[in-house]
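Student: Based on the hints, put chain B in the right spot on chain A.
Below, each chain spelled out in residue letters.
Protein chains: 2
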Amino acid sequence: MIHKDLPFSSAEFQRRLTKTRTAMEAAGIDVLFVTDPSNQNWLTGYDGWSFYVHQGVLVFLDEDPIWWGRRQDANGGVRTVWMSDDRVLGYLDHFVQSTVRHPMQDLATRLKDMGRGSARIGVEMDNYYFSAKAYAVLTAEMGDAKFSDATALVNWQRGVKSAEEVAYIRKAAAITEKIVDGLLERVEPGVPKNEVVAEIYRDALRGVDGAWGDYPAIVPLLPSGSDAAAPHLTWDGRPFANGEATFFEVSGCYRRYHAPLCRTLFLGKPDDFLLRAEAALTEGLEAGLEVARAGNRACDIANALAAPLERAGIERGARCGYPIGLSYPPDWGERTISLRADDESVLEPGMTFHFMPGLWMDDWGLEITESILITEDGPCETFCNRPRKMFVKD
Amino acid sequence: MIHKDLPFSSAEFQRRLTKTRTAMEAAGIDVLFVTDPSNQNWLTGYDGWSFYVHQGVLVFLDEDPIWWGRRQDANGGVRTVWMSDDRVLGYLDHFVQSTVRHPMQDLATRLKDMGRGSARIGVEMDNYYFSAKAYAVLTAEMGDAKFSDATALVNWQRGVKSAEEVAYIRKAAAITEKIVDGLLERVEPGVPKNEVVAEIYRDALRGVDGAWGDYPAIVPLLPSGSDAAAPHLTWDGRPFANGEATFFEVSGCYRRYHAPLCRTLFLGKPDDFLLRAEAALTEGLEAGLEVARAGNRACDIANALAAPLERAGIERGARCGYPIGLSYPPDWGERTISLRADDESVLEPGMTFHFMPGLWMDDWGLEITESILITEDGPCETFCNRPRKMFVKD
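From first to last, the protein sequence lines stand for chains A and B.
Every letter in the first sequence is one number past the one before it in UniProt numbering, and letter 282, counting from 1, is 282.
Every letter in the second sequence is one number past the one before it in UniProt numbering, and letter 121, counting from 1, is 121.
With the rest of the complex left out, here is chain A (with noise of 0.2 Å):
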């Protein structure tokens, strides 16, 4: 009666599962535990919203996979991970939200009863999702074990994209393509904020042919005027006015995968100031395209997208870009490389980023961005195809 869909093929699941222990290995761990949603579903396929109690996938150096969870979303870890059902475990509901119990006891009686009792085991210290109490717990039920940090150790793995993956970020890309074009038909003075979310959000999980619309790991993003100085505000039910700018931040999404991208639009006649910023931020993003090239670093992006700003004023602060793909609430980045000045990872062909020039100053904000592929030789691909400009209805 079971239905399995699994993502991708045994072969590229395989393929994860050797980078990972090798990287386990390598930093002396026989036991990983990984709670990032992200990292959960990249190693086993698992998917669910199930984030919110205690759950996390282990991995060993000589045996499956297991992920352990709530008993309950063990009915949906059968359905959605690519080892047998017997490595899917499920904890008791008087764990969940207790004051007097933690599933952290449940997976240390489990540990200790798999022989793992004095494993070097290694956690995901400042991934999502796992609670100081978590580890305090953990490691005060399991004082033989040798507790190491693992934060991001899975998530480096992820960052050259298989074909297969790159696949699924083109089909979210498309999507991406049909909520800009969307919102930008629709987007009048007058038109309340929220109406257009709701029009985004349509197109979002209508999707396009071939593709099905997943719920993006970071809702729409659109402050307008002076709001637009905030990077992460969401929408009221105000409408938007004219002499505004908005930028609208959106990513579709494609079985979890993500291509996100900004565009600014300005409803009435922009001010001069806006577009010499325009004028030196698409400077600096063609620049920055034309270095994210294999064999150059994450600094050289950063770097070349500086220079247009600096000489037009324009002082960011902020990093200017990350890594996506498979991602979950609360964030679509990947949390390694970040574009900036000391960054000097080297960029390989497979790499996928949102280089994110957003300009937040005090009083109005402007954000015009691109998801990128590095490709074997020349310049990046773009995911998405639309005009990389400050968007005018006048």
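Treat the hints with care, since some could be wrong.
In this list, chains with the same sequence are indistinguishable; a pair is considered to hold if it fits within one copy or across any two.
What the hints assert, rightly or not - Heads up, simulated DSS-like pairs for lysine-lysine below, C-alpha to C-alpha not over 30 Å straight-line:
id	residue 1	residue 2
1	LYS269	LYS4
2	LYS146	LYS393
3	LYS4	LYS393
Think of the hints as simulated: they come from the structure by calculation, not from any bench.
Tutor: Below, chain B alone, put in the same frame as chain A:
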């Protein structure tokens, strides 16, 4: 130029602060560091999708709270919190996702500069977004401070809703009803699931007269047939099919307040076992609603529900509800009281719950639920008013 649109009156924010300070004093806490986004909003009004980086609210006994976060998000802070601008602090971007620096170093420095280096500091060890690493760095940097676990300290203050809050939940409930009406109308055999979700989001975000729609803290959940055994599966592009039950767990959201509801829809002629389960479940719901009164306990609801289910041979094994109100992803529950047999919390007027007795069996599932308000006297009030049954389209 900055437009502030605080969601609540000054008196309401002061009431919350006073309540929280009383709880801090009882717990021996001088400074409370609040990382849970819902708690941050409840105390200060802070609203933005920035919880993917480290941020939080510092609550003091003797001065106004401080919102602390990434510098670019301080722009959102001054636009959404009730405190004056000098109570909003931003850290430099080079702390973000760095392998050599951590934002908690900035927080520690600031606390020491404020003369709080040897304070008794409460931290939310098991709320969202306070990572194991955050705790490790903060405690290492502040060796003279005394840390204690303040998990859910603020959440417990949120249990009894004010009239202003109940009014918001009523608006969310009106949106929920609109969502449910729409999906019952639209779901038919052959309609792709993602297309129905597209319309759910459109209805949710357009809202109703007098209430624009905000994003819910959990995406719509709507597994069908055998997959309905798994409570937290999301959707894909497959069509709804005849002969399958689908449960829909959805919530409208108004200014971050929620009113979740589940209804199940069967396409075709339901099997007898499903009809028997429906009868037992609705009998249990009625019994639970009847005892959901001020002065009774959380366990009374769970026990009233359990009796008819047991008579029908259905063993649930999971709690049957949780408090609701203000929330951010990944959860719309408040994580304090659980409606289950061993929770003896006394129900008070103004408390709000999602009474949520989902049935998730090995290869089928059924959800019929209510969001409820505990009243001054008499049985509870349901926020939504829709037939309490499994809907059937034959």
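Student: Go through the copies and call it for LYS269 and LYS4: within, between, both or neither, with a Cα cutoff of 30 Å.
Tutor: between (53 Å within a copy, 25 Å between copies)
Student: With identical chains, the pair LYS146 and LYS393 could be close in the same copy or across copies; at 30 Å between alpha carbons, which is it: within, between, both, or neither?
Tutor: neither (61 Å within a copy, 57 Å between copies)
Student: Check LYS4 against LYS393 for me: Cα-Cα at most 30 Å, and say if that holds within a copy, between copies, both or neither.
Tutor: Classified as between; 27 Å across copies, 47 Å inside a copy.
The structure is inconsistent with hint 2 alone, although it conforms to all the rest.
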